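Here's the letter readout for the chains.
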Amino acid sequence: MKKILLALLLLVPLSFAAWQTVAAAAILVSLFLLITVFMIGYGMQNEQMKVLAKDEFYQLIVLAVMIVILFGADGLLNGISQNAALTQGYPTLQKAALASLDDTFGTLSEYLKTLAETDNKIARQAAKATSCSFAGGGYSVSACGGFTMLQAPFSLAGSIAGFAIAEVSAIKMLTQIATDYGLLLLLPIGIILRTFKFSRGAGGFLIALGISAYILMPLGIIFVDMLNEQFLESDYATDDYTGEPGVVGRSCDPEKTLGTETIKAAKGTYRDLRKELNKYIYVVLLRATMTALAALLFLIGGLKALSAAFGAEVDVSAISRFF
Amino acid sequence: MVEAAVCSADFLDFLSSTIFPIAAVAGVIAGAVIAVTYMAGQALSNPKLTVWSKTEIVQLFISFASLLLLGSLFGFFCGLNMQGIASVFEIGYSGPPNMFDAAENYLLSSAEYSHNALAAVRYHLKAYTILGYMGMFQCTSLSSGLVIAFPFLSGCGYGYSGTSGLPFGGYAALNTALNTVFNSTLMSYVMSLNYLIILMYIYRGFAFFLFPIGIFLRSMPYMRGLGSTLISVAIAFTIVFPFFLAVFDLMGDGIFKSDPSLMNRDHLYDADLYPFTVNEDVFPENSAGVGISIGSGLDPDLARELYFQSPPGMSGPMTSEAIAFGGAAFIAAFFLPSVAMLGAIASVVYLGRLYGEEIDLSRIMRMV
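Chains A and B are the protein sequences, given in the same order. Take my numbering: the final residue in the first sequence is number 323, and no numbers are missing along the way. Take my numbering: the final residue in the second sequence is number 368, and no numbers are missing along the way.
It cannot be assumed that every hint is accurate.
Think about it this way: if two alpha-carbon atoms lie no more than 25 angstroms apart in a straight line, the pair counts; the simulated DSS-like pairs of lysine-lysine are [to be verified]: (1) B:K126 / A:K121; (2) A:K50 / B:K54; (3) A:K275 / A:K113.
I should point out that these hints are in silico values taken from the structure, not numbers from a laboratory. Please read these numbers as outputs of a predicted model, since none were measured by experiment.
Given the sequences, and given the hints that come with them, work out the whole structure.
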């Protein structure tokens, strides 16, 4: 026991970085508090307080071990971050994930523009109406009305694409925050909070959040990238999934009210759109939505497992309901 | 700022003149109940009652220790220098100095950020809606040489003959995309305000009233669970919740003033560049309405370009960036404050266990 105490006291001079000094100071304060509790328990012959003090002392030992592990874990986490199999040519896993999200965002932006231009082109045809009136009498015919069948699918497509852009943007912001502050701020503060009994739950939660967001979330993004690459190389994927969709939409003459020419124009546009559909599906669903889902799954799953390991039970289902 | 509420002399007065006396009264009443029970146990030679009294007096001591601990923690956190903490972790921070103000600062910043996102999305939504309803009428044969020479021969001469249309009627896709994000961003904004109100409510002292009630209830038979919950809620919401938010405020520079390469979002935050994306001035003024109408008749794209001027060095409408801004606002104003709330609730469970009671907050969690 005395040796362990001595080892704990030695943590202060052994510290190098500033936050480790703060952590060591927190350990010493906690040690002082639990010695006080133990003395009161001893004086009052209260077994509960003595047991509490002893239990806390073991927690302090665990914490000291965690700090030591963190020195090693820092290297381990960086090792995972810089693993060539995961980084895809970038210096770290996080940078690879951010680059992937950037690329997805750029592609989605272009696709949304194409979608809007196509929608606009088609709607111009759909809105055409020929009218003729003279001296109060006349007629109005909407010969290109067949194009209106495409308006509802376009609304839905716009909604999905817009939501995908928002999702990618949100995940990118979270990844950026985790990259900048996960190990630098959340992890050390979590360890310091875990020192004290009353803040142990919050500390465990912050440690879990720091690690999950820094490692697991980018990992989810990269895994989806890898899956997509495999998919494109497989026999199931056709060339339809790659390449950039173009603006489609055939022209309609509203004055040709007789015959099937205007109907053919609408149906032809519909068929042209079907050819482009897979390109949208690949980016909007497989790349954007799946990436966001996988990233969150990894984050929430990691948060649940790690927070339990660090002594905080957090109902992560509340987080998953946000999305 | 909150400083006036939590870390001021007025607040310490409130603690010493209101909370501590009430807690003392609650403690005295609980102590009296315990003493009477102990005496009854002695008189009746009932070991159950005397053991209960001894246990309760320890619990009463723990309750008071919690109150004193909270008082000292408040002093500690009020004196804590956030800039100092930021320098320990080697990050830039320009927010307020104490933890409670920093927590409020985070929520205010996130509310402002989500409001800016809301303004950007709303502008685009409005512009596309206006453009979507813009009508056009092209007279028959206006382009033939004869009609140009004698306009009265055209379809718009004596009669009314031509083709009507909606040059920008096809912005339904963008409108629904923007509508979806607008609703989500509105929710983010409302949530940040919601958390701000909760924080203000905590700072105004509501949580402290839970202490005397908790101290009293913990000493009552069968009421320890409720008493423990109240004390745990008080500690978690007065310390842990603001602490999490203050930590997020330390990351404020990264959250609210992102790197320019981050989806070119900086120009959306920079007030000097607002006119290019969200300022209403880019709408055609009423006095220019006729000119715009005539111009649009000859070239419909002219109207669109007036509604969507591009920031320097960029081209085309910034619709995707506005949508992305809404997505980022979700993280800043909804996700992170909710994480702080979850952390506080996790602490309630942990503290409850410290007080010897298992608290099931799964029902409350569903409300978050």
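We went through each hint and held it up to the structure:
no., hint, verdict
1, B:K126 / A:K121, "holds (20 angstroms)"
2, A:K50 / B:K54, "holds (16 angstroms)"
3, A:K275 / A:K113, "holds (18 angstroms)"
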